[in-house]
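All chains should be built: construct the whole structure from the sequences, respecting the hints.
Per UniProt numbering, numbering of the sequence shown is gapless, rising by one per residue and ending at 584.
Just so you know, these hints were derived from the structure itself, not from any lab.
Values in this document were obtained by computation on a predicted structure and should not be read as measured data.
Note that the Cβ used here is the ideal one computed from N, Cα and C, for glycine as well.
Among the clues, some could well be false.
Restricting the straight-line Cα-Cα distance to at most 16 Å, the calculated cross-link-like pairs of lysine to aspartate or glutamate (EDC-like) are [as the list claims (entries may be wrong)]:
{"#": "1", "residue 1": "Lys220", "residue 2": "Asp387"}
{"#": "2", "residue 1": "Lys36", "residue 2": "Asp74"}
{"#": "3", "residue 1": "Lys36", "residue 2": "Asp75"}
{"#": "4", "residue 1": "Lys34", "residue 2": "Asp75"}
{"#": "5", "residue 1": "Lys171", "residue 2": "Asp192"}
The following label-pair restraints were derived from C-beta to C-beta distances [stated by the list, open to error]:
{"#": "6", "residue 1": "Leu296", "residue 2": "Leu23", "range": "52 to 60 Å"}
{"#": "7", "residue 1": "Arg381", "residue 2": "Gly262", "range": "53 to 61 Å"}
{"#": "8", "residue 1": "Val186", "residue 2": "Gly526", "range": "26 to 34 Å"}
{"#": "9", "residue 1": "Leu78", "residue 2": "Ser177", "range": "33 to 41 Å"}
{"#": "10", "residue 1": "Ala71", "residue 2": "His515", "range": "55 to 63 Å"}
{"#": "11", "residue 1": "Phe531", "residue 2": "Gly241", "range": "37 to 45 Å"}
{"#": "12", "residue 1": "Gly325", "residue 2": "Lys521", "range": "26 to 34 Å"}
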Amino acid sequence: MSDVVGQQPGPTVLPVVHSSSKLEYVKDRVSSIKHKLSTKDGWIGDYDYAWLCTPTLPFLRNKTSPPPFYALDDDLPLILAISSGLQHALAMLAGLITPPIIFASALNLDVATSAYMISASLIGCGILSLVQMSRIRLFKGYYLGTGLITVVGTSFATLSTASAIFNAMYKDGTCPSTTAADGSIVQGACPDAYGKVLGTSLICSFLEIGMSFCSPRLLKRLFPPLVTGSVILLIGASLIGSSGVPNWGGGSNDCQNRPTSGIFELCPTIFAPRPLPWGSPEFIGLGFLSFVAIILTEIFGSPFLKNIGIIVGLAVGCIVAGATGYIDGSTIKSSPAITFLWVHTFKISVYPPAILPMLAVYVSLAMEAIGDITASAEVSRQPVVGDVFDSRIQGGILSDGIGGFLSALFTVTPLSVFAQNNGVIAITRCANRGAGRWCCAFLILFGVLGKISGVFLAIPNPVLGGVTTFLFASVAVSGIRVLGYVKFTRRERFVLGAALAFGFGNLLKPDIFTHLFDGVKNPNSGLQGLFDSITIVLSTPFLAGGVVAAVLNLILPQEQEEIVPREGSVDQVDVESQEDEKRL
Numbered sequence: 001m002s003d004v005v006g007q008q009p010g011p012t013v014l015p016v017v018h019s020s021s022k023l024e025y026v027k028d029r030v031s032s033i034k035h036k037l038s039t040k041d042g043w044i045g046d047y048d049y050a051w052l053c054t055p056t057l058p059f060l061r062n063k064t065s066p067p068p069f070y071a072l073d074d075d076l077p078l079i080l081a082i083s084s085g086l087q088h089a090l091a092m093l094a095g096l097i098t099p100p101i102i103f104a105s106a107l108n109l110d111v112a113t114s115a116y117m118i119s120a121s122l123i124g125c126g127i128l129s130l131v132q133m134s135r136i137r138l139f140k141g142y143y144l145g146t147g148l149i150t151v152v153g154t155s156f157a158t159l160s161t162a163s164a165i166f167n168a169m170y171k172d173g174t175c176p177s178t179t180a181a182d183g184s185i186v187q188g189a190c191p192d193a194y195g196k197v198l199g200t201s202l203i204c205s206f207l208e209i210g211m212s213f214c215s216p217r218l219l220k221r222l223f224p225p226l227v228t229g230s231v232i233l234l235i236g237a238s239l240i241g242s243s244g245v246p247n248w249g250g251g252s253n254d255c256q257n258r259p260t261s262g263i264f265e266l267c268p269t270i271f272a273p274r275p276l277p278w279g280s281p282e283f284i285g286l287g288f289l290s291f292v293a294i295i296l297t298e299i300f301g302s303p304f305l306k307n308i309g310i311i312v313g314l315a316v317g318c319i320v321a322g323a324t325g326y327i328d329g330s331t332i333k334s335s336p337a338i339t340f341l342w343v344h345t346f347k348i349s350v351y352p353p354a355i356l357p358m359l360a361v362y363v364s365l366a367m368e369a370i371g372d373i374t375a376s377a378e379v380s381r382q383p384v385v386g387d388v389f390d391s392r393i394q395g396g397i398l399s400d401g402i403g404g405f406l407s408a409l410f411t412v413t414p415l416s417v418f419a420q421n422n423g424v425i426a427i428t429r430c431a432n433r434g435a436g437r438w439c440c441a442f443l444i445l446f447g448v449l450g451k452i453s454g455v456f457l458a459i460p461n462p463v464l465g466g467v468t469t470f471l472f473a474s475v476a477v478s479g480i481r482v483l484g485y486v487k488f489t490r491r492e493r494f495v496l497g498a499a500l501a502f503g504f505g506n507l508l509k510p511d512i513f514t515h516l517f518d519g520v521k522n523p524n525s526g527l528q529g530l531f532d533s534i535t536i537v538l539s540t541p542f543l544a545g546g547v548v549a550a551v552l553n554l555i556l557p558q559e560q561e562e563i564v565p566r567e568g569s570v571d572q573v574d575v576e577s578q579e580d581e582k583r584l
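Have a look at this one:
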């Protein structure tokens with residue numbers, strides 16, 4: 001198999017023996033490109049585009065059958081490659097713009113900086129996704145990238161952890177804050193906090209780079225589905241509570257506390273076009289409209305629209321919000337027409353209390369990468385066992401770690417493997433890397449066109465909240481799906497119960513660990529940094545739950561004794577299934 005060595009089959013393999021062979025290879029490539037650009041077959045092929053665009057209506061019968069499956073290196077018509085790439089880009093878009101919007105809001109950054117952060121995220125994702133798809137052979141047995149349509153995006157794991165880090169910075173005076181007349185604390189703009197997260201992320205990325213050179217079998221033994229599933233579940237659940245639902249109600253800033261005075265007396269602020277108290281029916285209605293639009297798209301939409309249902313929900317919500325006066329167009333006017341990386345920069349430095357939490361984040365990124373790469377290989381009809389698959393895991397984790405290092409230099413928080421595009425592959429039956437490269441081109445284009453970032457910033461909080469609540473719930477469902485691979489013996493139920501006790505307890509009472517070390521009098525700076533690190537870890541639900549799950553999974557012995565269950569019980573079905581798997 002040519003894919004074993006990371007090369008393409010047929011004439012795409014570059015001969016290295018004779019110069020005449022190289023000349024023939026060049027001629028073949030030129031002829032192939034000429035045919036692709038100058039013929040109907042090269043542009044359109046025999047793909048059933050009517051199937052892709054036909055809505056699912058109850059009174060219409062689906063007379064077209066699904067199109068053929070396009071493997072990793074199949075010859076792909078240009079129109080299909082471009083349309084599939086666009087679907088991948090649009091399916092990822094909501095997940096890519098959400099973290100920088102939340103970061104900018106949490107740090108009260110100005111519009112120009114916020115718009116730049118969105119553009120930098122899109123450009124960085126496009127560039128590093130190209131690296132992840134490449135599968136470059138480094139030396140014997142080691143690769144860079146997966147060789148699949150494996151896209152990357154701003155990690156939601158970083159989003160949860162950074163929120164706790166920002167709170168710690170405002171608490172210890174690293175970021176400015178003032179006390180209003182009514183006693184409420186108003187947090188000022190703090191771009192340096194973002195720079196500290198970037199710098200800490202940069203040095204911690206070497207942990208995941210080092211992990212990539214461990215045996216994939218060892219990593220899967222250390223982080224089985226029991227651990228990774230609980231972590232992903234808690235990431236999604238925590239984001240729903242900390243960002244999705246608060247934005248749905250009007251804003252995740254101080255306005256959700258409904259103060260009686262100050263700029264956050266109304267949401268999102270008193271300066272908005274139509275400010276209202278948090279939780280007003282108008283806000284709830286806008287978010288619900290976007291949510292319902294996603295559901296209706298899934299029921300009645302064509303395969304193309306189903307792939308971009310999140311964008312449809314945003315579009316419907318924004319149209320209604322604009323017509324009713326809830327959108328402030330100043331962000332669009334102030335955004336540049338063209339932008340790129342490093343138009344704005346941040347003072348990169350290291351925040352010591354964030355080192356331990358960020359190391360835990362990179363461990364979780366490696367765990368998440370294993371699951372997402374497995375899903376991508378499965379939906380791309382590639383083997384999910386054996387040396388080739390193990391090399392994809394190794395190359396994906398290495399690219400993930402290097403991506404965390406480079407993304408910090410790109411002024412973007414760690415970029416990790418995304419699973420949003422797996423649904424696109426499944427529906428369109430196109431796993432070709434050519435479509436993936438077009439996806440990267442679209443992402444870079446969206447980032448370079450600065451006005452697009454201004455449009456994203458103009459999205460009202462309730463619309464964004466209604467859509468991201470669904471998006472974050474999908475992350476939680478992904479965790480449940482991973483947990484579905486677990487054989488729930490008494491040991492596994494015990495480990496999961498202990499992990500969720502910490503995770504859900506933290507979710508339902510977020511401030512339980514905030515004052516853990518308040519009784520320690522006058523600690524030195526080193527000890528205070530350690531206390532802050534522990535507090536951040538314990539205050540981040542997926543980190544606390546993940547640590548408990550990983551430790552218990554290692555120290556609790558496997559159950560050796562098989563108990564014969566009574567006939568017809570659920571346990572008997574489990575035992576019979578295990579025996580069938582052993583025979584296979």
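Here is how each hint holds up against the structure:
no.: 1; hint: Lys220 / Asp387; result: holds (14 Å)
no.: 2; hint: Lys36 / Asp74; result: holds (13 Å)
no.: 3; hint: Lys36 / Asp75; result: holds (10 Å)
no.: 4; hint: Lys34 / Asp75; result: holds (14 Å)
no.: 5; hint: Lys171 / Asp192; result: holds (15 Å)
no.: 6; hint: Leu296 / Leu23: 52 to 60 Å; result: holds (57 Å)
no.: 7; hint: Arg381 / Gly262: 53 to 61 Å; result: holds (57 Å)
no.: 8; hint: Val186 / Gly526: 26 to 34 Å; result: holds (31 Å)
no.: 9; hint: Leu78 / Ser177: 33 to 41 Å; result: violated (54 Å)
no.: 10; hint: Ala71 / His515: 55 to 63 Å; result: holds (56 Å)
no.: 11; hint: Phe531 / Gly241: 37 to 45 Å; result: violated (25 Å)
no.: 12; hint: Gly325 / Lys521: 26 to 34 Å; result: violated (54 Å)
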